[in-house]
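Taken in order, these protein sequences are the chains called A and B.
In terms of the numbering used here, the first sequence opens at residue 1 and continues consecutively.
In terms of the numbering used here, the second sequence opens at residue 1001 and continues consecutively.
No lab work stands behind these hints: they were computed from the structure.
Predicted, not measured: the structure shown is a model, and the values here were computed from it.
Idealized CB from N, CA, C, for every residue including glycine.
Hints should not be assumed to be uniformly reliable.
Pulled a few chain B residues facing chain A out of the computed Cβ check, cut under 10 Å [what the hints assert, rightly or not]: (1) R1026; (2) V1034; (3) V1038; (4) V1139; (5) L1141; (6) L1144; (7) Y1145; (8) V1147; (9) N1148; (10) S1155; (11) E1168; (12) S1251; (13) I1263; (14) V1267; (15) T1305; (16) A1320.
Simulated restraints on C-beta separations [what the hints assert, rightly or not]: (17) B:A1023 x A:V181: 38 to 44 Å; (18) B:D1101 x A:A49: 40 to 46 Å; (19) B:V1127 x A:S154: 41 to 47 Å; (20) A:V23 x B:R1215: 50 to 56 Å; (21) B:N1018 x A:V106: 41 to 47 Å; (22) B:T1253 x A:M211: 43 to 49 Å; (23) B:I1112 x A:V181: 26 to 32 Å.
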Amino acid sequence: MTAAPAAPTRAPSARLARISGVVAPLTGLVLVLVLAAVTTPQFYSLEVARLVMFQIGLIGIAALGQTLVLLVGGIDLSISGVMALTSVVLATYSAGSDSRLLVGVVLAVLAGLAVGLVNAGLVVLRNVPPFVATFASFVLIQGVIIAWTRGAPSGNIPDALGWLGGGRIWEIPVPLVVFAVLALVAGIALGRTTAGRRVYSTGLNREAARMSGIRTGIVIASCYILSSLAGVLAGLINSSFIGFVDAALVRSLDLDSIAAAVIGGIALTGGKGRISQTVLGVVLLAALLTWLIQLGAGGGAQLVVSGGVILLAVFLQNRGLGLLSPRARTTRATPRKGKQ
Amino acid sequence: MTATTPAPAVAPTRPRPNWVAVAVRRGAAVWVIVAALVLVLSVLRGGSFWSTGNLAALLTSAVVLGLVSLGQHTVILSGGIDLSVGAMVTITTLLTAVLIDGYPIRTAPVLIGMLVLGALIGALNGVLITLLGMPPFIVTLGMLYLVNGAALWISSTPAGRVTSILSEFAFGRIGPIPYTFLVLVLAVVAMWFLLNRTVWGKQVFAVGGDLHSARAAGIDTTRVLLGVYIASGLLAAIAGILLASRSSVGSPTAGAGLELSAITVVVIGGTSLLGGRGTLLGTMGGVALLSLITNSITLLQFPSTITDLIRGIIIIAAVAIFVAKRR
């Protein structure tokens, strides 16, 4: 109903929105690269480049899942929980021996599926706000891990999996290759297939999508399940890179994946944004985080920056960089409730 | 859509009053569960449960969660959510211990500083949400990571030391009632008064029920919401100070997970996550229930590593059962 009066001005403002959506992250990326060149010259070395590429792969895979969930108007705060669960399941079952690797991976995938189903069930069947539902399952996963490992998760990851996290194909880290392939598949699926259209229309207006015959419940549920599976893959990559179960498990990939998607321009309200934007956001965030590490920043400073980046990106999205302020102002009254 | 929601909500309750639903909404249902749990514990572990030491420990454990939930309750009533309360508790706990560092003369200024800090973070949340129109959950989520990161930046290991005045206050008690519990009681009474006996309280309910109607009716919604988030920040700061006094050092993970416990408690108490409906009685019942459950794990001598698992199961069950279905 708000679309009708906006229709005549759609074309130019949509193009403007698209340009300003790309300009902001690109400016950020250039800024980071220049600042990195000035402050930490060693940033432009092969080693650091490999680190950036690894980060892009790891954050990117989680961000792809997060993007799917954001597109249907949700949010997934359980991704790093799934990652931790994956490494614990794999280490506990295989106990570091290569012969039990396959079954371990299958079990990890099943665990991830279970988490995805719980998230989907809470959101779709019980109408729980997504951030509460997925945060709750994150806490449950943590509880399961602590109870199961008696508070001290430990163990080794089979060496045979090492190539996934540490391997390279022509100097390019395997995680980046995996991410590139998945991003291509996701981009084509979202942009060119019926399934992709269903995701967008469900995210834009669930009621309208339901009326036009889309089974929105199944669409939303599959996005949560795919997001959990992305978490399993990210968990496999991370744990095979480290080689053992990280007892701290503090790596906040939830935050990074949300930050990457949102800086890229994926709307928190759902239905808006393309995979290419997520990819741009991932590259920017990976460069930023690697630069911070080069500067000697610890985990705390990285959290501060990622949190600040999310706030800034959402702020810019609401404002449209000032270019769209008249339209932004009229729509500003509505997102305030921001529950779903 | 907003105009049609009240109609079906009223219609089904009129002809057939559903007593369970009414009890849940009024916050009485959770007290029934609390009473049942107390009964079970009395039968199984009567002696140790009713001992003065255990009662004091039980009441003490309710204080931090209670204060935080009080703020969360108010925010949720206003139609928002505050995911940053745990992080605010963390940073105030850590800073109280680090800044005082054992010097008695610093106690008063640091405590005042912490209250100001809590109010400031709350105000920042409020400004981003009201003046810039950003969704509450993403603002407070960003703030959660930001503040947690700042806490880790200050110190990644437990640090600092509080003065003996603070720890004496934290461990002092009259019979089985700790002084800190009296702080909670005072805060609950104050919040009850604010919500139920002042114009501001009525406005909080109105804003939570329907923001646009409230604004159309002439309520300064920005001022009301700012007040709500500042109150939440203040209460989290008080909780942080008490937590620091009790543990005598500041930990950079002190408040981890408190935000979700607080949301659970509010939801179990029958408050709608959509805003505008809920009772303090129910929320305090939720606090009693969660504290009792933690206490019973100790009393029944279960391994302490399953505490988090049980908390997780309760949280999932609570959001699955109690969250009101929309439409």
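Hints versus structure:
Restraint check, B:R1026 versus chain A: the minimum CB separation of about 22 Å is more than 10 Å; hint violated. About 21 Å separates the beta-carbon of B:V1034 from the nearest beta-carbon of chain A, more than 10 Å, and the hint is not met. Below 10 Å, beta-carbon pairs count as interface contacts, and B:V1038 has none with chain A, the closest being about 24 Å; its hint is therefore violated. Against a cut-off of 10 Å between C-beta atoms, the interface hint on B:V1139 holds, since the closest Cβ of chain A lies about 7 Å away.
The interface hint given for B:L1141 holds, since its Cβ lies 7 Å from the closest Cβ of chain A, which is under the 10 Å cut-off. For the restraint placing B:L1144 at the interface with chain A, the shortest Cβ-Cβ distance is roughly 7 Å, inside the 10 Å limit, so the hint holds. At a threshold of 10 Å, the smallest CB-CB gap from B:Y1145 to chain A is about 3 Å, leaving the interface hint in force. Among the interface hints, the one on B:V1147 holds; its C-beta lies about 8 Å from the nearest C-beta in chain A, closer than the 10 Å criterion.
Annotation: B:N1148 was flagged as interfacial toward chain A, and the flag holds, the nearest CB pair being 6 Å apart, inside 10 Å. The restraint placing B:S1155 at the interface with chain A holds, with a minimum CB-CB distance near 9 Å, inside the 10 Å limit. A cut of 10 Å between beta carbons decides the hint on B:E1168: the least distance to chain A is about 32 Å, and the hint is violated. Against a cut-off of 10 Å between C-beta atoms, the interface hint on B:S1251 is violated, since the closest Cβ of chain A lies about 14 Å away.
The beta carbon of B:I1263 comes within 6 Å of a beta carbon in chain A, closer than 10 Å, and the hint placing it at the interface holds. Interface hint status for B:V1267: upheld, as the beta-carbon distance to the closest one in chain A is roughly 8 Å, under 10 Å. Look at B:T1305: its Cβ gets to within about 5 Å of chain A, closer than 10 Å, so that hint holds up. Here the hint on B:A1320 is kept, as its CB sits about 5 Å from the closest CB of chain A, short of 10 Å.
Evaluation of the 38 to 44 Å hint for B:A1023 and A:V181 yields a failure: the beta carbon distance comes to about 55 Å. Look at B:D1101 against A:A49: about 44 Å separates their beta carbons, and that is inside 40 to 46 Å. Range check, B:V1127 to A:S154: about 45 Å between beta-carbon atoms, so the 41 to 47 Å window is met. Roughly 34 Å separates the CB atoms of A:V23 and B:R1215, a value that falls outside the hinted 50 to 56 Å.
A hinted range of 41 to 47 Å for the beta carbons of B:N1018 and A:V106 is consistent with their spacing of about 45 Å. In this structure, B:T1253 and A:M211 meet the distance hint of 43 to 49 Å, their C-beta atoms being roughly 47 Å apart. At roughly 57 Å, the beta carbons of B:I1112 and A:V181 sit outside the given window of 26 to 32 Å.
Consistency note: the structure conflicts with the earlier hints numbered 1, 2, 3, 11, 12, 17, 20 and 23.
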